[in-house]
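Student: Listed below are the residues making up each chain.
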Amino acid sequence: MKKLRYAGVLTAVALALAGCGGQKVGEDKPAAAGKDCGTFNLTVSPWVGYEANAAVVSYVATKDLGCKVVKKDLKEEIAWQGFSTGEVDVNLENWGHEDLKKKYITDDKVAVEAGSTGVKGIIGWYVPPWMAAKYPDITDWKNLNKYAALFKTSESGGKGQLLDGDPSYVTNDEALVKNLSLNYKVVQSGSETALIQAFRDAEKNKKPLLAYFYEPQWFFNEVKLVKINLPAYKAGCDADPAKVACDYPPYDLDKIVSKKFADSGSPAYDLVKNFKWTNEDQNAVARMIAVDKMTPDQAAQKWVDQNQSKVNTWLGKN
Amino acid sequence: MASITGSVEIEVRRPRRSVVVGVLLVAWVALYFVLRGIDTLVLGGQETTALHRWLTEHRDDVGQGNVFFDAIRIAVDHFVVLLQDLISQPSFDRPVPAIGWLGVIAISAYCAWAFGNWKVAVLTAAGLGFVGLQGLWQESMDTLSLTIAAVLLSLLVAIPLGIWAGLSDRAFKVATLVLDLMQTLPTFVYLAPLTLFFAIGPAAATIATLIYAAPPAVRLTAHAIRSVPPESVEAARSLGSTRGQTLTKVLLPMSRSTVVVGINQTIMAALSMVTVAALIDAPGLGQTVLKALQTLDVGVAFNAGLAIVVIAIVLDRVTTAAGDRPWRTANRRRRLLLAAGAVAVLVAVWFSRTYVWAAEFPSTVNVGSRIAVIASDVTDWVQNVFGGFTYGVRDAVTNGLLNPLEGLLTGSPWWLVTVVVVALAFVLGGWRGAVPAAVCLGLLVATGVWQDSMVTLASTLLATVVVVAVGLALGVWAGRNRRVDTWIRPVLDAGQTMPPFVYLVPFLALFGTSRFTAIAAAVVFAVPVTTKIVADGIRAVPVATVEAANSVGSSSWQVISKVQLPVARRAITLAVNQGLIYVLSMVVVGGLVGAGALGYDVAAGFAQSELYGKGLAAGLAIVLLGVMLDRITQAAARRTENFTTRGDKR
Numbered sequence: 001m002k003k004l005r006y007a008g009v010l011t012a013v014a015l016a017l018a019g020c021g022g023q024k025v026g027e028d029k030p031a032a033a034g035k036d037c038g039t040f041n042l043t044v045s046p047w048v049g050y051e052a053n054a055a056v057v058s059y060v061a062t063k064d065l066g067c068k069v070v071k072k073d074l075k076e077e078i079a080w081q082g083f084s085t086g087e088v089d090v091n092l093e094n095w096g097h098e099d100l101k102k103k104y105i106t107d108d109k110v111a112v113e114a115g116s117t118g119v120k121g122i123i124g125w126y127v128p129p130w131m132a133a134k135y136p137d138i139t140d141w142k143n144l145n146k147y148a149a150l151f152k153t154s155e156s157g158g159k160g161q162l163l164d165g166d167p168s169y170v171t172n173d174e175a176l177v178k179n180l181s182l183n184y185k186v187v188q189s190g191s192e193t194a195l196i197q198a199f200r201d202a203e204k205n206k207k208p209l210l211a212y213f214y215e216p217q218w219f220f221n222e223v224k225l226v227k228i229n230l231p232a233y234k235a236g237c238d239a240d241p242a243k244v245a246c247d248y249p250p251y252d253l254d255k256i257v258s259k260k261f262a263d264s265g266s267p268a269y270d271l272v273k274n275f276k277w278t279n280e281d282q283n284a285v286a287r288m289i290a291v292d293k294m295t296p297d298q299a300a301q302k303w304v305d306q307n308q309s310k311v312n313t314w315l316g317k318n
Numbered sequence: 001m002a003s004i005t006g007s008v009e010i011e012v013r014r015p016r017r018s019v020v021v022g023v024l025l026v027a028w029v030a031l032y033f034v035l036r037g038i039d040t041l042v043l044g045g046q047e048t049t050a051l052h053r054w055l056t057e058h059r060d061d062v063g064q065g066n067v068f069f070d071a072i073r074i075a076v077d078h079f080v081v082l083l084q085d086l087i088s089q090p091s092f093d094r095p096v097p098a099i100g101w102l103g104v105i106a107i108s109a110y111c112a113w114a115f116g117n118w119k120v121a122v123l124t125a126a127g128l129g130f131v132g133l134q135g136l137w138q139e140s141m142d143t144l145s146l147t148i149a150a151v152l153l154s155l156l157v158a159i160p161l162g163i164w165a166g167l168s169d170r171a172f173k174v175a176t177l178v179l180d181l182m183q184t185l186p187t188f189v190y191l192a193p194l195t196l197f198f199a200i201g202p203a204a205a206t207i208a209t210l211i212y213a214a215p216p217a218v219r220l221t222a223h224a225i226r227s228v229p230p231e232s233v234e235a236a237r238s239l240g241s242t243r244g245q246t247l248t249k250v251l252l253p254m255s256r257s258t259v260v261v262g263i264n265q266t267i268m269a270a271l272s273m274v275t276v277a278a279l280i281d282a283p284g285l286g287q288t289v290l291k292a293l294q295t296l297d298v299g300v301a302f303n304a305g306l307a308i309v310v311i312a313i314v315l316d317r318v319t320t321a322a323g324d325r326p327w328r329t330a331n332r333r334r335r336l337l338l339a340a341g342a343v344a345v346l347v348a349v350w351f352s353r354t355y356v357w358a359a360e361f362p363s364t365v366n367v368g369s370r371i372a373v374i375a376s377d378v379t380d381w382v383q384n385v386f387g388g389f390t391y392g393v394r395d396a397v398t399n400g401l402l403n404p405l406e407g408l409l410t411g412s413p414w415w416l417v418t419v420v421v422v423a424l425a426f427v428l429g430g431w432r433g434a435v436p437a438a439v440c441l442g443l444l445v446a447t448g449v450w451q452d453s454m455v456t457l458a459s460t461l462l463a464t465v466v467v468v469a470v471g472l473a474l475g476v477w478a479g480r481n482r483r484v485d486t487w488i489r490p491v492l493d494a495g496q497t498m499p500p501f502v503y504l505v506p507f508l509a510l511f512g513t514s515r516f517t518a519i520a521a522a523v524v525f526a527v528p529v530t531t532k533i534v535a536d537g538i539r540a541v542p543v544a545t546v547e548a549a550n551s552v553g554s555s556s557w558q559v560i561s562k563v564q565l566p567v568a569r570r571a572i573t574l575a576v577n578q579g580l581i582y583v584l585s586m587v588v589v590g591g592l593v594g595a596g597a598l599g600y601d602v603a604a605g606f607a608q609s610e611l612y613g614k615g616l617a618a619g620l621a622i623v624l625l626g627v628m629l630d631r632i633t634q635a636a637a638r639r640t641e642n643f644t645t646r647g648d649k650r
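Which chain is which? The protein sequence lines are A and B, in order. The first sequence begins at 1 in the UniProt record's numbering and counts up one residue at a time. The second sequence begins at 1 in the UniProt record's numbering and counts up one residue at a time.
I should point out that these hints are in silico values taken from the structure, not numbers from a laboratory. The hints are all genuine.
Straight-line C-alpha distance at most 35 Å; calculated DSBU-like pairs for lysine-lysine:
id : chain 1 : residue 1 : chain 2 : residue 2
1  : B       : K291      : A       : K103
2  : A       : K206      : A       : K146
3  : A       : K204      : B       : K291
4  : B       : K291      : A       : K302
5  : B       : K291      : A       : K109
6  : A       : K24       : B       : K119
7  : A       : K63       : B       : K291
8  : B       : K291      : A       : K152
9  : B       : K291      : A       : K101
Excised from the complex, chain A in its bound form:
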């Protein structure tokens, strides 16, 4: 019994001594780099394309400017609220939202615009590629009624199913179906996750699917969805939501920052303002994150190494 106790004490002491061998906390403190960039809060909206923006901007801001970037995963409208409280300083990819711009930029004056992201947003109806190959004329909306029976599901009540997505997106789909007299019923999938899963399943098992979707989206790197041509968009044709009978407008995605951040004189503001790239750039980084499972930082590093000249123009070098 005594021996056991001694053994116990000895092991404890040995463990304690062994533990003392390690590296001490705070020994390798990195030298604080850069000027007075400080900290800024970056909202990250819930799609991978946005995450690609956030990855590259925060990588450059941290590495070249020595800023501290706090990323926050927020839904779009929730993030807008953050401008007034200081919870959010930067939104790198804003899809329209004229009502929110009016409230927070014009009325409350807590946010300002910081130019285009350079990325073009497209919204529309899509089918999986196998359908476009098998039924080439399906991409014209006039032929949709011909194929309505294909799209019947347990949810669509005898009509063709048009699957809609995340409730964050404003859609005119119900009005469109009615005004173009299509024999379809809009079924709410309720989330982007559900929508992508539906397309993945449709392409893999050759099932018919017609759904609301948008570009840029990392999923296009996995399955190249084909867009249906609705009657072309003309300025003002979507003025009355109940009478819409045309395609969605193209979106020029832009950046919004908080007033406080814009006035702070931080070099990070100039970076955010100058940040501009293309759909291809964004998809490349998004693919590394979503498909190759790289961390956002690794993906950003890889892209920045290959595109140093673009990064230099953002930083105002040369």
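Chain B: place on chain A using the hints.
Tutor: Showing chain B alone in chain A's frame:
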């Protein structure tokens, strides 16, 4: 012999009621074919009523820049940040938290041992170690900080309220009503308004969690105080105790173990909010789950979900052990050991503050990525093997049951549905059922989302029937067999605490986006609680009663149907009731996988400011459905109970 006369009594009564119910239903179906499509109160997805627009416009009237709310927000924020500084985030000008992983594990295990026993202490250490090995240490500690903050604040509010409701009848009645509301109101409904009061961030997340998690503690505290035998209170009074003394010396100590059950339930509820709170910027594991879902990465989502389950199981077992521990019984030996343990903990904390290996969880062994890969592979396998079959099941159920039921509810004029439901409620539960049903249906019409409510009602009814059937079967099995119970319980715990978001993707793969998928998800979520309550009820049936039935040669089936189920009737009523509430609390999650209707309205109201009012109205409609179904089932249960007791007396 009492039970036999009782059943005779029921047999005389039952056919009459079932005949009336049958006639009502047949009449409804007949009228449906005549009146189909009239007054169905349809409202399109983006359409709103005047009430909805009014609610949207007045959204900003409260809460903007209010000093009172700001003070609360800042205080709560500081509290959460303090906890995070302690255990999860780099703080106090150091690159690591104030207490590293070794210190946190040592402290937790020590507390588990001091308040519970050494078994749960080992479990705690193992559980936290496992979470670290998953590569989720920091996220877990963030979640833990938020949970601790929310639970402590909940208890600060809930226990005094519970005591008050325990002592005063009037407070008890009001509390029951408000708590029902707090538990059925979907979290999504108050998530967006809360951000108006408290902005986004840890404070709002903590307060949202508090609202959801406080009710069980209030309920159980009140219940505990009310169940203290009046003799004890009178004895204390007669010895000259004041009211305060009676409370602190008699009522509270005697209700301690039930109050601990309440604390336990509060912790579980708080953990189930982790993912939802992440939508308003709560740090921690919820973020990991949501992020993984963007790329449909089931493996990573499952890994994070598993960490939540592990934390939940640890906290559950520790609080249960603490509740079972006799009050103040440490002997000399235990006290010495406790003191020695305290020194060891201090050493561990010192280590974790001094050395890197004890401060940051080593990332060399990463079990997490392996778990993620296995989870993904299993999901793929299930999808490939069962894929075709599951679609068949879905279509059969949807076309055979759901569509007819939904058609009947949505296709009939609203006044016909109201008349039939109120009449049914009257037949089943008398005035106690009929009056609330009439009021709730009237208010449902006023919310402007009548048709969506009927769609949701159809799915809810179907899901609840399945939940009750499965829950009864599993509960009876587990209640009669100890070994089954020990095996089934961790699975049930996992079903209850695993965030539903994690199994949405596999379910979507199996069943597509449909109402059936939502029903399946609700069933998985609600079966555990139903099973647990039924099992406890069956186990509480006196052994002598069961023995007596066995000795007269009854078969197992007879024992179950004639003895155990009737005796456990009260528990079964509670199980049906809770199953229903759990199904309803999944309505919004169902909206995310294609259930549409109320769930979608609520989610859209959260995401789009112009639909805010409609979302709020839809949230209220869910509550109304819940209150209505709850009152009808309760009234019906009370009636059948009265019949039996009357029969017994004869």
